[in-house]
Every structure is written in C-alpha cells, then in structure tokens.
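Asker: Mind docking chain P on chain U? Use the hints.
Next come the chains, spelled out residue by residue.
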Amino acid sequence: MRKIQFSPPLLTLLPGLTLLPVLFIFLKGIHNGGLSIFSSFIEASFHPALDAIVLGSSWRGLRVTIATALVSWSISTFIGLILGIFSSSIFWKTFNAPSWAASITRRILAIPRSIHEILWGLLLLQGFGLSPWVAVVAIVIPYSSLVARVLSNQLDALDHRALIAINQIGAKPFPGLITALGPPIIPIIASYSGYRLECALRSATLLGIFGLGGIGTDLQLTFQSLEFNEMWTGLWMLGLVMFSLELVLSWCRKNLYRITKKYQFSFILIPLTLTFTTFCFFWLKESEIGAITNFEWHNLSLPTLVEIESAFKELPLLTLIGSTLILTFLSAGIAIGIPPLGLMLFPSRLEVNIQSIIWGILRLIPPPLSSLLLLLFSNPSFVVAAIALGLHNIGIMGRLLKEGIDNQTDRKWHAMKATGAGPSASWLYGYMSSQSPSYLAYASYRTDVLLRETAVVGLIGGTGLGWQLIESLSSFNWAEVTVLIILYSSITLVGESISDYLSQFWMSYTTKKSTASHSFF
Amino acid sequence: MIRNNLKIFLLTPVITSLSIQPFATAQSQETLFIGAIPDQNPEKLNRLYNLLSNELNKQLKVPVKYVKVTNYPAAVTAFRTGSLDLVWFGGLTGVQARLQKPGSKVIAQRNIDKKFRSVFIANTRSRLQPIKNQAGLKALKGKRFTFGSESSTSGRLMPQFYLQQSGVLIKDFAGKRAGFSGSHDATLALVQSGSYEVGALNEQVWKVNILRKRVNESRVKVIWRTPPYADYHWLAQPNLDKRFGKGFTSSLQKALLSFNKQSKSQEKILELFGAEKFIPADVKQYKAIEKIGRQLGKIK
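Those protein sequences? They're chains U and P, same order as listed. Each residue of the first sequence is one higher than the one before, starting from 1 at the first, in our numbering. Each residue of the second sequence is one higher than the one before, starting from 1001 at the first, in our numbering.
I should point out that these hints are in silico values taken from the structure, not numbers from a laboratory. Possibly wrong hints are sitting among the right ones.
As the list claims (entries may be wrong) - Dumping the calculated BS3-like pairs for lysine-lysine here, alpha-carbon to alpha-carbon at most 30 Å:
{"id": "1", "chain 1": "P", "residue 1": "K1277", "chain 2": "P", "residue 2": "K1115"}
{"id": "2", "chain 1": "U", "residue 1": "K313", "chain 2": "P", "residue 2": "K1171"}
{"id": "3", "chain 1": "U", "residue 1": "K28", "chain 2": "P", "residue 2": "K1221"}
{"id": "4", "chain 1": "P", "residue 1": "K1277", "chain 2": "P", "residue 2": "K1291"}
{"id": "5", "chain 1": "P", "residue 1": "K1101", "chain 2": "P", "residue 2": "K1115"}
{"id": "6", "chain 1": "P", "residue 1": "K1291", "chain 2": "P", "residue 2": "K1138"}
{"id": "7", "chain 1": "P", "residue 1": "K1246", "chain 2": "U", "residue 2": "K313"}
{"id": "8", "chain 1": "P", "residue 1": "K1141", "chain 2": "U", "residue 2": "K313"}
{"id": "9", "chain 1": "P", "residue 1": "K1213", "chain 2": "P", "residue 2": "K1044"}
{"id": "10", "chain 1": "P", "residue 1": "K1105", "chain 2": "P", "residue 2": "K1300"}
{"id": "11", "chain 1": "P", "residue 1": "K1261", "chain 2": "U", "residue 2": "K28"}
{"id": "12", "chain 1": "P", "residue 1": "K1044", "chain 2": "P", "residue 2": "K1261"}
{"id": "13", "chain 1": "P", "residue 1": "K1114", "chain 2": "P", "residue 2": "K1261"}
{"id": "14", "chain 1": "P", "residue 1": "K1291", "chain 2": "U", "residue 2": "K313"}
{"id": "15", "chain 1": "P", "residue 1": "K1171", "chain 2": "U", "residue 2": "K28"}
{"id": "16", "chain 1": "P", "residue 1": "K1141", "chain 2": "U", "residue 2": "K28"}
{"id": "17", "chain 1": "U", "residue 1": "K28", "chain 2": "P", "residue 2": "K1143"}
{"id": "18", "chain 1": "P", "residue 1": "K1171", "chain 2": "P", "residue 2": "K1105"}
{"id": "19", "chain 1": "P", "residue 1": "K1138", "chain 2": "U", "residue 2": "K28"}
{"id": "20", "chain 1": "P", "residue 1": "K1246", "chain 2": "P", "residue 2": "K1114"}
{"id": "21", "chain 1": "P", "residue 1": "K1284", "chain 2": "P", "residue 2": "K1300"}
{"id": "22", "chain 1": "U", "residue 1": "K313", "chain 2": "P", "residue 2": "K1300"}
{"id": "23", "chain 1": "P", "residue 1": "K1221", "chain 2": "P", "residue 2": "K1105"}
{"id": "24", "chain 1": "P", "residue 1": "K1207", "chain 2": "P", "residue 2": "K1138"}
Claimed, not checked - Cβ-Cβ distance ranges computed for the label pairs, FRET-style:
{"id": "25", "chain 1": "P", "residue 1": "Q1059", "chain 2": "U", "residue 2": "S40", "range": "21 to 27 Å"}
{"id": "26", "chain 1": "U", "residue 1": "K28", "chain 2": "P", "residue 2": "R1243", "range": "28 to 34 Å"}
{"id": "27", "chain 1": "P", "residue 1": "N1054", "chain 2": "U", "residue 2": "I108", "range": "47 to 53 Å"}
{"id": "28", "chain 1": "P", "residue 1": "T1124", "chain 2": "U", "residue 2": "F46", "range": "30 to 36 Å"}
{"id": "29", "chain 1": "P", "residue 1": "K1242", "chain 2": "U", "residue 2": "F46", "range": "50 to 56 Å"}
{"id": "30", "chain 1": "U", "residue 1": "S490", "chain 2": "P", "residue 2": "Q1295", "range": "29 to 35 Å"}
{"id": "31", "chain 1": "U", "residue 1": "D51", "chain 2": "P", "residue 2": "N1054", "range": "18 to 24 Å"}
{"id": "32", "chain 1": "P", "residue 1": "N1054", "chain 2": "U", "residue 2": "L345", "range": "56 to 62 Å"}
{"id": "33", "chain 1": "U", "residue 1": "K28", "chain 2": "P", "residue 2": "K1277", "range": "30 to 36 Å"}
On a predicted model such as this, the values are computed, not experimentally measured, just so you know. Where is the CB? At the ideal position from N, CA and C, for every residue including glycine.
Isolated chain U, as found in the complex (with noise of 0.2 Å):
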C-alpha cells in the first residue's frame, strides 16, 4: 500500500479544515434573529446616503485617510530603504564589517513591526494627543522595518558576481554597490512599494476605526448608530479609491520591466511621488482633526517596577495567549484554504470573476464591522472574531493567488485536460500546483502577519491580548498596558521566526525563481 503523500497543492487545501469546526460552532449558534437588521444593512449598500451633509463629511474624512497612508507610505518607504541596505549582509561584507553586525541590526529592526499599527496608534496617542501625525508615526514605525526586512533579505539573494567583479577592479565600496545592486534591486522595490501603498492605504482606515481620524472614524460611528446608509457612502467612496489604486497599481506591475528599463521614466515617477506626498502633508495639516498641528510629547506617569510586577501575577496571561494563537490559527485557516477551494470548486472564468467581487467587498469591510455584523446572527463566541478577520484576510489572500495564476502558462492546464480530467483536478494540478508554493510561502507570512491583527477584533468575543490591551488602555493602567505589549511583541517575534522558517522552506520548493512574482511578502 502506499503512503499517502502530502504534496503543495494539496497541502494550500489543508487549512481549509480548519472550517469544519468553525462552522459548526458558528452554525450551532446561528439564529434567524438578526435578519431584519442584516437585510436593512444590504439594502442600504444600494441607497447610500446622498445629502451634501453626508457626502462632505464622508469626503473629508476620505481626504485624511489618502493623505495619512500616502505621507506615511512615502516616509516609511524611504526609511525603510535605508534601513534595508544597513541590516543587509552583502553591505557589511563590501565594507569588511564582521558578518554579526547586520544580524544585529536585522534584530533589533525586528521590535518595531512586532507591534500591530494599530497598537503603535493607541500608545502614541497617550503620548501625543489627537494629531494627524499620530497616525502617520504609528504607520510608519512598523512599515519602515517591514521594508527594510524585505530589501535587506533581497539584496542578499541577488547575485553578487557583479558587485565582486566591479570591486576588484578597484571600484569604492559604496558606488560599486549602488551600481552592482541597483539595477536588479529597482523593480523588486518599485513592485513591492506599490503594494506598500495598498496596505497603508488599509491601515489608515483601521487606525480611523480605533478613533484617529479619517474616513475610518465615519465608518465606525455611523456603523455603531446603526445609520447604514450614511455608512455605506463612506465604504463606497473608500471602495472607489481602493479599488483604482488595485488597479493602478496591477498594471504598473505587469509593465514592471518596461517602466523601469526607462530610466527617465523613474526620474518624473520619483518627483511626482515627491510633490504628491508633500501635498498631501498640507492637506493632512489643513484637515479638521488637523486643528491641533503640535506633536510633542506629554508625560505619561510611567508605572514603577513593583506596579508591573504584580499586574503581571494578576493578568491572566495564560489564557490570553492561548485564545490568542487560536484567533490566529483559525483565522488563519480561512483565510488560506478557501481562495484555492473556491477557485478549485468552482473553476469556470465567469464564477472567478463573481470570486473576485466579493474578496473585493470582503478587502474593502474592515474586520472590526464585520465582526459585529456576524454577531447579529450568531451566539457569542471567538469564532465569530476568527471569521470576522479570516473574511477580510480571504479577500488579500484570494486576490494575490489570482494574479499568480494570471501571470503563469496554462501549457499544464492544458495538458491535464486532454488526459481528460474534471474541471476541478485539473484547475488544481494545471493551475494550483506551480502557484502552491509560493502562496504557501505567503501564507506562512500572512498567518504572522494575522498574529499581530488578533488585536483588531479582539473587543467583539472579548477575548485574547488585544481586547485585554484595550481594556487596560481605557483604564490608563500603564502596568498592565507595559506588560502585555511586551508579551504581545514576544510571542509575534516568535511568530516572526518560524513564518520566516516556513517560507523560506516553501520558497527553495521553487525551482523557477521568476515564477515567485510575490516571493518578496
């Protein structure tokens, strides 16, 4: 008999598992109860309000949205450069430094994007105040290192014949890298920044949702008013925005090559950026929670070590790690199995496009409102949190597994037709199976990256570090706040290595390189 054996494509079904029971528990709780308000909430998605009130509102907090993720996109890119080529090997190598100094560097550039944006926002708030900077700061810590950990771990993939080359024929160490490295390192930059820009484009609203301005904010309070019409302008406009940027930014990628080949073409690209992002730092300036500009420090009485000492003795540490990890694998599970189930499932061109329309609605919710629109039908639990942001998640899940599908030959797909296979095998083994390791590659950075988002819906199944770190936070009780963060940040760069561990395992499992367009995540 033979062994049964686990290959890639199958293995991208495996988490799928996972909703087996997730359903049950959330099937066992569902009820027909909250079907009236669920059904007023879908009619309003096509009567969104229109009175100018509305609309005005909706548009300027859509400005402060757009103009945070883009200001904090540009700030964030441009330290993240830096930082990538410090705590890259093949810099120190060029300059003789000991190889431990990047390894340091990589270290401790890994607190930073250990804590959630949305974290990073609550703390600095304390400290700061409401100012449109908060936000900018709270996305830029984090994103920052997130780039300069991709660069750093491109630029010591790339092939370094060149650069030894132009160094041994006496070229200066730091002209000799920038020519070397430059030219393969542009595109992966340009491709990955854009996709930089999508998230912080996400993260600003979220940041909104937890009370910092922006369309976010509109969201959340019409959202809790139960004034669905008013809300579903602000999420249409939003949606408008996000999905011309997808776009944008989709054919940017495909012409990737052919955009930066031309070198006069990253000449007007840099600038315009430059003058966009600057603009946009006046309009946040100018915009209403703009009205406090200052961004100084206020001190906060910072709790002794006796004080932190016994809020961790009483927190229930334990049990908020433990709901912690299974909001995340849960999550996790949905968010990875379904996109290739229901692409494997239903395989036709018309049914992927209906595919792509709702990851599309499923990107542009943000997990804190779905979460209370789940709950309307459901009994209370932590599985609904866990569906909540598993949805969400599918969306950038499926969406990244379609362009790789798009940008690969059919020639297997081809093939496994004409043994004669169903719709289903043979999307699976034409189609899934070149795609299964680089997206089990970025599945295993996405469930870290879920690690950090527990934090986001915590508040609805009142459970795990998040709701606690909230909690905590609205009774200004530094200790307990000191502690958690300390541990939510330990058990992410936990998460951290082992999500680097498994990608990297699922990457060398390529063997066309070129064929990872995403390989970067």
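Answerer: Chain P in isolation, oriented as in the chain U frame:
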C-alpha cells in the same frame, strides 16, 4: 534637456510647500478647542459641529473649533494633553480626565444628568421576567450578557457595579465573559437579534429608539431600571482664564447655561445632546462614580 526637466520636477515639492505654508500657519488668536465623547448621535454631532462652535463663538467672541473624537479614552487623553479645552464627558471619563488634569472644572450638565439611569434589556426568548428588586439580578447568571463601550458609565460601569452588588460577577455569565458591543445602539441591536440574551444601556438612548420606532417590543423589553446616578458633564481646562482672559470660564459656563429653545440653532444643539437645557454641575456629584471606578479597576 532631461537634466532641466529633472530640476523642475525636484523643485515642484518645494514650490508647492512654499505656496501652502502661509495658510497653514495663519493662526494669531487663541482658539478654543471643543469636543465630545462619541456617545449619542456622534456622527450627527460631528457633522453639525459648526452649530455649537458658531454659537459659542458668537457669545464668547473667540475662535472655536470642534474636534472629532471617536473613542472614550482618546477624549480623556486629548484633554490631558491639552488638545481639547472643553469636552462633553461621561461620568467615568470625566472623572478619569479630571484626575489626570488636576484643577479642571466641571461646569455644566444636562437637566437629565443629575439623576441618570441605565436599563437592563432582555430578549423575550430568554424568558427573563422583569426584576422587582436589585437582588433579582441573580437571575442573569448563566445568560449571554453584553455591555456597551468599555469606558461607558451607563453602558458598563454602573451596570457592572449593580450586578456586582447583587453578587453577579462577569465570570458568572455564559462563556465566563461579557460582551462589549461598543455602543448603546449596538447593544440594543444585539439583544434584539437574540445573539445576547441581556444587555445594559443608557436609558435615554433606549427611549429615543422607542420614539424612532427602532425597537421591536415583541422581541426586546426592559427588565430592570437602575437607581439614579450622576452622569454626563462638560469639563473645562484649568487654564482657560489665563489664556482667554479673566472670567472666561464663567462666561463659558453662562453661555452653555443660556442655551434655550427660543433660538433655532440653540434648540438644535440641545436636541443633538438630548437635553431640555444645560444646568450647573458640581464636582461632588461625581464622588460616587470615582469610588466605583476605583473599585472596578477603571480608575487607578
């Protein structure tokens, strides 16, 4: 040619910034920054904020700016850091803010805030009967229960206090925890839908929802009214007289107290706040809230 173009492109940000700069910094006179916790109709309040700021501007002759605040702790922090000069706080957040900014002044409350109440509402399918006296709250043990926002006085603090007084702790509810819906309206929706069997919310929000016919009374009903306690109030920074001139704080108080329904804009403001009128408030009224806040760990 390319080089020339490049120069222009690189200069554009500088030029843009120079042209916007003067507008951004034109601020000569002290501005009074006001705000409110997001409690009732926050989205409407935010949109119609100029009603209130215009009215205060007219009476006080200083520039007034309304700042949107979207969560309770953010309002407290904004007050502590001096980002906001006058804030509409709930009982608990007001005390938190006052303790973090000693010397700040409680200047007014609504006519209804002297004796404010919360209501406990239950889904009819839970078969919970109206509770005659506080001890009857024991019947809620083992039920799915939700509060509103975690910092809300009427949606969390006082309900939790009365529950605790009658021996019901959070771990006694189903799943050993209580939910936090985030707002009074959301609590109502979640109990009406049946996802939670019982919830506690601001009595005034409940009444307004009944008037607006958003309550399906065959699905959800009130099972208990809490005893009265002091709640919402306007809190002002301690340094307003120094910044805006002698007697400014009392003029501010007078302005708020003068709002009445004869003036159209003032009537609209009072309506937004759900008030008949504003009345003077006293720090002493909030002693009890402070004590309860400490007891439940919401005040350090």
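Asker: Going through the earlier hints one by one, which of them does the structure break, listed in rising order?
Answerer: Checked against the structure, the hints that fail are numbers 7, 11, 18, 23, 25, 26, 33, while the rest are satisfied.
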